[in-house]
Amino acid sequence: MKRLLPALALAASLAAWGQSTEIANPDPKVEARLKAIAHELRCLVCQNQTIADSDAPLAVDLRQQVRGMIREGRSDEEIRGYMVDRYGDFVLYKPPFNAVTAVLWVGPGLLIVGAFAAFFVLLRRRRDLPAAAPAPDPARRREIEALLASEDDAKPGR
Amino acid sequence: MKALKYIVPLGLFAVLCVFLAVGLTRDPRQVPSPFIGKPAPGFTLAKLHEPEATFSPEQMKGKVWLLNVWASWCVSCRVEHPVLNDMSRKGLVPIVGLNYKDQRADATKWLKQHGDPYQLSVWDIDGKVGIDYGVYGAPETFVIDKQGVIRYKQIGPITPEVLEKTLLPLLAKLNA
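Those protein sequences? They're chains A and B, same order as listed. Here the first sequence is numbered in our numbering, starting from 20 and rising by one per residue. Here the second sequence is numbered in our numbering, starting from 415 and rising by one per residue.
Think of the hints as simulated: they come from the structure by calculation, not from any bench. None of these values were measured; they are calculated from a predicted model. Certain hints may be false.
Claimed, not checked - Once the Cα atoms are required to be at most 27 Å apart in a straight line, the calculated DSSO-like pairs of lysine-lysine come out as: (1) B/K542 - B/K475; (2) B/K515 - A/K54; (3) A/K113 - B/K542; (4) B/K542 - A/K48; (5) B/K542 - A/K54; (6) B/K504 - B/K560; (7) B/K477 - B/K542; (8) B/K542 - B/K515; (9) B/K579 - B/K475; (10) B/K475 - A/K113; (11) B/K475 - B/K587; (12) B/K504 - B/K461.
What the hints assert, rightly or not - Partner residues aside, some chain B positions facing chain A, computed with beta carbon under 10 Å: (13) V445; (14) P446; (15) K515; (16) D540; (17) G541; (18) K542; (19) D546; (20) G548; (21) G551.
Positions of the beta carbon are idealized from the N, C-alpha and C atoms, including for glycine.
Please model the complete structure; the sequences and the hints are all you need to start from.
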């Protein structure tokens, strides 16, 4: 079984690769551009896959659409624009920076900066604390030493 | 100061809970359509029942109408079909069917079986018009106003509740 698993995985990925040549006589240039664009577009019915990875009928249709647009000589930008006009920013795996997505883009950075700021404030506070307990005054010190010495004398006979 | 140590994490936890709770109530499959308020894309397609005749949305100018995406293979379409039949019987609004990626014979047979609420259906065999309308599953329904602008998109079946709470008020407003 242990040997079978990688073989199965390989077979599956080969099958998926075979999928990407779903038309007769594919033009390698078109297919390469298709592959690059399809990897940025979300499959709407299987939302955690790109349309490059998915075998859903809609993904196949969208690939076909992109292929057609590449053949018409449209730029990548135009093709992405076409998809966004129809399915919204959600179709892009890398959403654009705008008012709606600002929190998404800036949020994690702000969190990290905030966490570091809090960390350094904490460190500084620690450093300003007295380094160690204050030394006892001489009289008290003698008392302590006497006590310690007496304990040494009265060693329990174990 | 001591209390703060407990209140801050508790507060953060509460905020997180609110976000997660709101997230639970939303359906990630409902992608808001960027088409709302934009003109419905034009197309010319053969009619389902009369292959030699064509239809395009301009023919509906001046009317409020529904474009309903359906197919004989679509399971949820069966759920909404009685509602559409009912709407058609009452003459609430003209409904145009976009038969999406379906075989003509299957589609006509399906309509015979379940009733035909459509003023007419057009036949989109390769789903090109569907893609142009941003369709990603059937059923989907577009409400298009007199000027040919898309005013609403229902993703998934039209239930009696959707009809009552969303469509009827919207239709009344658009027809006013």
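Here is how each hint holds up against the structure:
1. Using a Cα cut-off of 27 Å, the hinted pair B/K542 and B/K475 holds, with the two alpha carbons roughly 22 Å apart.
2. Proposed proximity of B/K515 and A/K54 is supported: the alpha carbons are some 25 Å apart, at most 27 Å.
3. In summary, the hint linking A/K113 to B/K542 is supported, as the alpha carbons are separated by about 25 Å, within the 27 Å threshold.
4. Proximity of B/K542 to A/K48 is assessed by CA-CA distance (about 24 Å); at most 27 Å being required, the pair is judged to hold.
5. Between B/K542 and A/K54 the CA atoms are separated by roughly 20 Å; this keeps the pair inside 27 Å, and the hint holds.
6. Straight-line distance between C-alpha atoms of B/K504 and B/K560 comes to about 20 Å, which keeps the hinted pair within the 27 Å bound.
7. With a C-alpha separation of about 25 Å, the suggested pair B/K477 and B/K542 falls inside the 27 Å cut-off, and the hint holds.
8. A threshold of 27 Å between alpha carbons decides the hint, and for B/K542 with B/K515 the separation of about 9 Å falls inside it, so the pair holds.
9. Using a Cα cut-off of 27 Å, the hinted pair B/K579 and B/K475 holds, with the two alpha carbons roughly 26 Å apart.
10. In summary, the hint linking B/K475 to A/K113 is not supported, as the alpha carbons are separated by about 38 Å, beyond the 27 Å threshold.
11. With a CA separation close to 17 Å, the supplied pair B/K475 and B/K587 stays within the 27 Å bound.
12. Between B/K504 and B/K461 the CA atoms are separated by roughly 24 Å; this keeps the pair inside 27 Å, and the hint holds.
13. Contact between B/V445 and chain A, as hinted, is supported at the beta carbon level, the nearest pair being about 5 Å apart and thus within 10 Å.
14. For B/P446, the shortest C-beta to C-beta distance to chain A is roughly 6 Å, which falls under 10 Å, so the interface hint holds.
15. Contact between B/K515 and chain A, as hinted, is supported at the beta carbon level, the nearest pair being about 7 Å apart and thus within 10 Å.
16. Interface restraint check: B/D540 against chain A, minimum CB-CB distance 8 Å, threshold 10 Å, status holds.
17. For B/G541, the interface hint holds, since its Cβ comes within 10 Å of a Cβ in chain A; the closest pair sits about 5 Å apart.
18. Among the interface hints, the one on B/K542 holds; its C-beta lies about 8 Å from the nearest C-beta in chain A, closer than the 10 Å criterion.
19. About 7 Å separates the beta-carbon of B/D546 from the nearest beta-carbon of chain A, less than 10 Å, and the hint is met.
20. Because the smallest distance between the Cβ of B/G548 and any Cβ of chain A comes to about 4 Å, under 10 Å, the interface hint for this residue holds.
21. This hint holds: B/G551 has a C-beta 6 Å from the nearest C-beta of chain A, less than the 10 Å allowed.
When each numbered hint is compared with the structure, a violation occurs for hint 10 only.
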